[in-house]
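Model the full assembly from the supplied sequences, consistent with the hints where possible.
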Amino acid sequence: MYDTLIPENAVDQKEIKINAEDVQVYYGDTHAIKDVSVKIEDKTVTAFIGPSGCGKSTFLRCLNRMNDTIDICRVEGKILLDGEDIYDKKVDPVQLRAKVGMVFQKPNPFPKSIYDNIAYGPRIHGLAKNKADLDVIVEKSLRRGAIWDEVKDRLDQPGTGLSGGQQQRLCIARAVATEPEVLLMDEPCSALDPIATAQVEELIDELRQDYSVVIVTHSMQQAARVSQKTAFFHLGNLVEFGETSQIFTNPVDPRTESYITGRIG
Amino acid sequence: MTDASMPETSPSSKHTSSLLQQDVRTKKRNASEARFKAYGAIAIGIAILALVALMTSILANGSSAFRQTFISLDVYLDPAKLDKDGTRDPEAIAKVSTFGYAPLIKAAFDKEFEKPEIGLEGMKSSEAAKMISKEGPAELRRYVLENPDMIGETVRFDFLAGGRIDGYFKGRVTMESAERDKNVSPEQLQLADQLKAAGLLKTKFNWGFLTRADASENRPEAAGLGVAILGSFYMMIVVLVLALPIGVAASIYLEEFAPKNWFTDIIEVNISNLAAVPSIVFGILGLAIFINFAHLPQSAPIVGGLVLTLMTLPTIIIATRASLKAVPPSIRDAALGIGASKMQSVFHHVLPLAAPGILTGTIIGLAQALGETAPLLLIGMVAFVRDFPSAPPEGFFDPAAALPVQVYNWTQRSDPAFVERASGAIIVLLVFLLIMNAIAIILRRRFERRW
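Chains as they are written, first to last, in UniProt numbering: chain Z, 1 to 265; chain A, 1 to 451.
Calculated directly from the structure, the hints in this document are not laboratory data. Cβ atoms here follow ideal geometry from the backbone N, Cα and C, with glycine treated the same way. There could be a bad hint or two in this list.
[To be verified] What follows is a set of in silico ranges between Cβ atoms, one per label pair, in the way DEER data are often shown:
1) Z:Ile-72 <-> A:Gln-412: 54 to 62 Å
2) A:Thr-26 <-> Z:Leu-235: 45 to 53 Å
3) A:Pro-352 <-> Z:Gln-246: 48 to 56 Å
4) Z:Asp-29 <-> A:Ile-435: 35 to 43 Å
5) Z:Ile-72 <-> A:Phe-293: 52 to 60 Å
6) Z:Gly-126 <-> A:Phe-293: 24 to 32 Å
This is the structure in structure tokens:
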């Protein structure tokens, strides 16, 4: 109903990684995402913020077609990854998800050893030719996940035995191990304490060097801390999208201003 | 009863009362909690009583089936009777029927009667020979056919005592009842006492109960569970081999891959319905399809196994689906999120986590199938089978009995000695069920302990 109010986003675009055009998502009869168009840049952290139920997680899950697993979910519009429509009939979502990794809200390590948690992705994608290769990938991924020093002596122990923050970093390392190009994070810190959150945020900032990171967060401070671009969702609409600094200091839309000043949401 | 129906009290009165004194409301709540606990304890008590009563009655009746009375005799394998020509030709020996061996036992008693402490006034050895089971001469013949070299020797044999003699030492037969019984006389019982005093009559553990085949109505002492145990074992193999893969595959497909629409809904409802179908209906189905249509042999473990498979499938499918459902979706998401295919996520992550539940469901289904009687009656497993089925795979097509059907069979027979046999068979069946449940628990623990 606010469609007419959406302003044109005047943001200069460099190296567009994901280009979403007029995306509509329906859950059965519910129109969950309305006309969302967004351009996500490479080597940038893009934050999706907005009140609960505004569709930011739904939209995030469209980017690697995780919504395919929900029977009643229907996606319309175009989402281009490097110029290719990921909702094209020829696209296999499994191949897509190897390129677009995902980290979930709750840490969900496999009930296997730390080593196997990391090695699983490279194994099923055939990234390692032998055990030595795999060892290298595991170490590299765990270092990228900023957890190597904590777990290097107990790689054979269960990943579920780690603390919450360690588990989440393990999950990030696991996502990184398959060498994705885009990393989607769905409220990665909502189940973590402040110290673990700080570690994960630091990690996200480092990951920006190599990946395009899209993060959904409930915490506006977090969005301000880690992201360069911010998109504000409200009731299924993309209300405003722009440089993080601009969104937080000088929002164009009155709804964005209300949200970041705490009057709605 | 509920708190909501309590009349409203003004808030001020609530706060002024002392904590050391229970108010009306608290008293009421505590009383209802105490009542509920009491109901629960009573329910548990009744269940335990019923269990104890059941176990005592079965053990009291059935434990004697595991002990059996034997009479030891020195039998002279008389060449004049067994091998008249003296050629030791197996064919010639085989010509002597079971009746030809009865005199040997009689002769053995004659010899015993020469001893001063054994024998009664006016008792003939033919009368005494009737104390031996009718199975006795047959066993003697089998021994001679296997060892023809022993002809002419004297061999010490442990003969099964007749059912009445056995019953006398188990308290089932008394002197008074023997007077009215045409199968046994008080004199025979007295002689049995003498034999016992002389150490010739002993009561031993009855391995034959587990290893022998069924025996006819008038020789309960020789009846055993061997064929039934083997038949049940074969059926369980058939059920396991068929029901586990079919059931698990069906559940995985329904739970993880099948679209959720009206058709799968109908299938789901019907699986639950199948689990509630009376088992005898499966027997009729088996009779119609496997025997009348597919012409598989009657009384064969393969048919029993197929029928029990049909019966067990719903149990396994329901248990498997429940344990698949119990695997947290976050595990599936995690696998899918790093680019595993649906099948990889199911087989690498979901299935191993669901395995303990699947195993438990399968073993409980098997245990249920092991104890099932009704469908087996309809496909001919109730027949009297004396011969052991051969080794698999041919053995699956040979006639066999099944444990629960054997229990049913024995309870139909008139000789009181079959009462203990039937109860004994129930004990064996229960032991098998306990073993299976124990295996289920052990496997569950083992798999769950992995992490």
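Exercise. Which of the listed hints are broken here?
Worked result: Of the numbered hints given earlier, those the structure breaks are 4, 5, 6, listed in rising order.
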